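Peer 1: Could you put together the complete structure from these sequences and hints?
There are 2 protein chains.
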Amino acid sequence: MNIKQYPSKLLDTAVFEFAKLPGIGQKTALRLVLHLLKKDKEEVEKFGNALIDMRNNIQFCNICHNIADAPICEICGDNTRDHTTICVVESVKEVLAIENTHLYRGVYHVLGGIISPMQGIGPADLNIDSLEKKASEGNVKEIIFALSATMEGDTTNFYIFRKINKLNLVFSTLARGVSVGDELEYIDEVTLGRSLVNRMEFKM
Amino acid sequence: MNIKQYPSKLLDTAVFEFAKLPGIGQKTALRLVLHLLKKDKEEVEKFGNALIDMRNNIQFCNICHNIADAPICEICGDNTRDHTTICVVESVKEVLAIENTHLYRGVYHVLGGIISPMQGIGPADLNIDSLEKKASEGNVKEIIFALSATMEGDTTNFYIFRKINKLNLVFSTLARGVSVGDELEYIDEVTLGRSLVNRMEFKM
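The listed protein sequences correspond, in order, to chains A and B. Here the first sequence stands for residues 1 to 204, numbered as in the numbering used here. Here the second sequence stands for residues 1001 to 1204, numbered as in the numbering used here.
Just so you know, the hints here were simulated from the structure itself, not pulled from any lab data. Please read all numbers here as calculations on a predicted model, not as lab measurements. Ideal Cβ placement from N, Cα and C applies to all residues, glycine included. Do not take every clue at face value.
To list a few chain B residues with every Cβ distance to chain A over 12 Å, as calculated [claimed, not checked]:
#1 K1046
#2 I1075
#3 H1083
#4 M1118
#5 G1120
#6 N1127
#7 D1129
#8 E1137
#9 M1151
#10 D1154
#11 N1157
#12 Y1159
#13 L1169
#14 F1202
Okay, derived cross-link-like pairs now, DSS-like style, lysine-lysine, Cα gap no bigger than 27 Å in a straight line [to be verified]:
#15 A:K9 / B:K1046
#16 A:K20 / A:K46
#17 A:K46 / B:K1133
#18 A:K93 / B:K1038
#19 B:K1020 / A:K20
#20 A:K41 / B:K1039
#21 B:K1009 / B:K1041
#22 B:K1020 / A:K41
#23 A:K41 / B:K1093
#24 A:K134 / B:K1093
#25 B:K1203 / A:K38
#26 A:K38 / B:K1027
#27 A:K9 / B:K1166
#28 A:K93 / B:K1027
#29 B:K1009 / A:K20
#30 B:K1041 / A:K41
#31 B:K1027 / B:K1009
#32 A:K93 / B:K1020
Stretch-level coverage of chain B by chain A, calculated; a stretch enters the list once three of its residues show a Cβ under 8 Å from a Cβ in chain A [to be verified]:
#33 1016 to 1027
#34 1037 to 1044
#35 1060 to 1074
#36 1087 to 1094
Peer 2: Below you can see the structure in the form of structure tokens.
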């Protein structure tokens, strides 16, 4: 029997393109496409063009590689922030997360990934040279590593540390320990052990 | 503090548009948009244009209201199919599901929804008039109701039945009973009770 999966080539293409996205399967793609089909033409055009426009016109900050609408992002262009402290992060998602804490007034450096031999990502694929250059210019005092607490994150921290360490800089990393709200009996042993070894002075 | 949620207006718009889709929240939208940002410009353009193109150029079959690339869909245009049997379904999704069984050789009628007072969908919003017209033309012998086994589905079946019943037609509905593979102890009482009352002759 020669029955095509979808009754329309246009539908077929739209579902196929949607299903390429991570976490979106064939069924979800069809559901989303049929949803769009019920919307006004203008709305679908707005959606499609928003994506194309973003991809074509978005810029990356020349200083920190964060996503921006201009050659310099808002954070790097903000003179009220502390430009001597650089927080090294994997991607724009971590910049957003840290900004939402409202507790950091330094600037960032977006690596664009972390070293992961399994995924074929080496140091050359990341924005490490520009960090080294920035650090060697003499204005920077502290570099904070804020990468994931995984093997890959630790490897990347260590690589950058080895590469930039000759300069007279303070290196720090995010505190590791018990998360706020965690119940002690459910914490994994490694975290619990480390937070014992690295216990802090009790202050009121 | 005057910190915008996203560092770029373009990113903001794209995430906002994505998050309008059903089942896609703010976080998923950001993840998908950042995924697209890593793809080639051509790929993102293909994706966006596939959606716009689909919405602008897709057609609905003049006979059965199914999605099509032409004024008459492939099923209605197929002379080897039985045009005297019409299967009434809610949407194109059910057409696909039934076609995938490879057990139906009749044609379809897509209502475009079911009667649902809760969602403000009444008979006038559905393709019922064209079904009545088709049925009254004399070529049709049987109408199969293949709507969801819910209150709304039953209401819609009943409404259509009342409206078209004066014509000399056979009406049928999908068999209701125990699904293939179901274990008896987990079946709800209504289904189990009905499948006892409507028990079938045992054949080998």
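Peer 1: Evaluate each hint against the coordinates.
Peer 2: Tested hints:
1. Its closest Cβ contact with chain A, about 6 Å, brings B:K1046 to no more than 12 Å, contrary to its assignment away from the interface.
2. Its closest Cβ contact with chain A, about 7 Å, brings B:I1075 to no more than 12 Å, contrary to its assignment away from the interface.
3. No Cβ of chain A approaches the Cβ of B:H1083 within 12 Å, the least distance being about 17 Å, so the stated non-interface status holds.
4. At roughly 18 Å from the closest C-beta of chain A, the C-beta of B:M1118 stays outside 12 Å, upholding its exclusion from the interface.
5. With a minimum CB-CB distance of about 14 Å to chain A, B:G1120 clears the 12 Å threshold, and the non-interface call stands.
6. Its beta-carbon lying about 14 Å from the closest one in chain A, B:N1127 satisfies the requirement of being farther than 12 Å from that chain.
7. Its beta-carbon lying about 20 Å from the closest one in chain A, B:D1129 satisfies the requirement of being farther than 12 Å from that chain.
8. The beta carbon of B:E1137 sits about 23 Å from the closest Cβ of chain A, which is more than 12 Å, so the claim that it is off the interface holds.
9. With 12 Å as the threshold on Cβ separation, the claim that B:M1151 sits away from chain A holds: the shortest Cβ distance comes to roughly 22 Å.
10. Consistency note on B:D1154: stated as away from chain A, and its beta-carbon is indeed over 12 Å from all of that chain's, at 23 Å minimum.
11. With a cut of 12 Å on Cβ distances, B:N1157 stays outside the contact zone with chain A, its closest approach being about 22 Å.
12. Listed as a non-interface residue, B:Y1159 keeps its Cβ farther than 12 Å from every Cβ of chain A; the least gap is roughly 22 Å.
13. Annotated as non-interface, B:L1169 keeps its C-beta farther than 12 Å from every C-beta of chain A; the closest such distance is 26 Å.
14. For B:F1202, the non-interface assignment is confirmed: its Cβ lies about 31 Å from the closest Cβ of chain A, beyond the 12 Å cut-off.
15. At roughly 15 Å between alpha-carbon atoms, A:K9 and B:K1046 fall within 27 Å of each other, so this suggested pair holds.
16. Distance check on the hinted pair: A:K20 and A:K46 sit about 21 Å apart at the alpha-carbon level, within 27 Å; holds.
17. A hinted pair counts as satisfied when its Cα atoms are at most 27 Å apart, and A:K46 with B:K1133 does not qualify at roughly 38 Å.
18. Pair hint A:K93 plus B:K1038 holds up; C-alpha atoms about 14 Å apart against a cutoff of 27 Å.
19. This hinted pair checks out: B:K1020 and A:K20 have alpha carbons roughly 19 Å apart, not beyond 27 Å.
20. This hinted pair checks out: A:K41 and B:K1039 have alpha carbons roughly 26 Å apart, not beyond 27 Å.
21. Pair hint B:K1009 plus B:K1041 holds up; C-alpha atoms about 18 Å apart against a cutoff of 27 Å.
22. This hinted pair checks out: B:K1020 and A:K41 have alpha carbons roughly 15 Å apart, not beyond 27 Å.
23. For a cut-off of 27 Å, the pair hint linking A:K41 to B:K1093 stands: about 21 Å separates their Cα positions.
24. At most 27 Å may separate the alpha-carbon atoms for a hinted pair to count; A:K134 and B:K1093 exceed this at roughly 56 Å.
25. Proposed proximity of B:K1203 and A:K38 is contradicted: the alpha carbons are some 45 Å apart, above 27 Å.
26. Restraint check for A:K38 and B:K1027: the C-alpha separation of about 24 Å stays at or below 27 Å, so the hint holds.
27. Among the hinted pairs, A:K9 with B:K1166 is inconsistent with the structure: their alpha-carbon atoms are about 39 Å apart, more than 27 Å.
28. Simply put, A:K93 and B:K1027 have alpha-carbon atoms about 10 Å apart, close enough for the 27 Å limit, and the pair holds.
29. Of the supplied pair hints, the one linking B:K1009 and A:K20 holds, its CA atoms being roughly 25 Å apart against a limit of 27 Å.
30. A distance of roughly 23 Å separates the Cα atoms of B:K1041 and A:K41; the hinted pair therefore holds under the 27 Å criterion.
31. A distance of roughly 17 Å separates the Cα atoms of B:K1027 and B:K1009; the hinted pair therefore holds under the 27 Å criterion.
32. Taken as a hint, the A:K93 and B:K1020 pair is honoured in the structure, with Cα atoms around 20 Å apart against an allowance of 27 Å.
33. Closer than 8 Å: that is the beta-carbon criterion, and the segment 1016 to 1027 of chain B has 8 residues meeting it against chain A, so the requirement of 3 holds.
34. Only when three residues or more bring their CB closer than 8 Å to a CB of chain A does the claim for the segment 1037 to 1044 of chain B stand; here the count is 4, and the claim holds.
35. For the segment 1060 to 1074 of chain B, the assignment as covered by chain A holds, since 6 residues bring a beta-carbon within under 8 Å of that chain's beta-carbons and 3 suffice.
36. Only when three residues or more bring their CB closer than 8 Å to a CB of chain A does the claim for the segment 1087 to 1094 of chain B stand; here the count is 3, and the claim holds.
In terms of the numbered hints stated before, the structure departs from hints 1, 2, 17, 24, 25 and 27, listed from lowest to highest.
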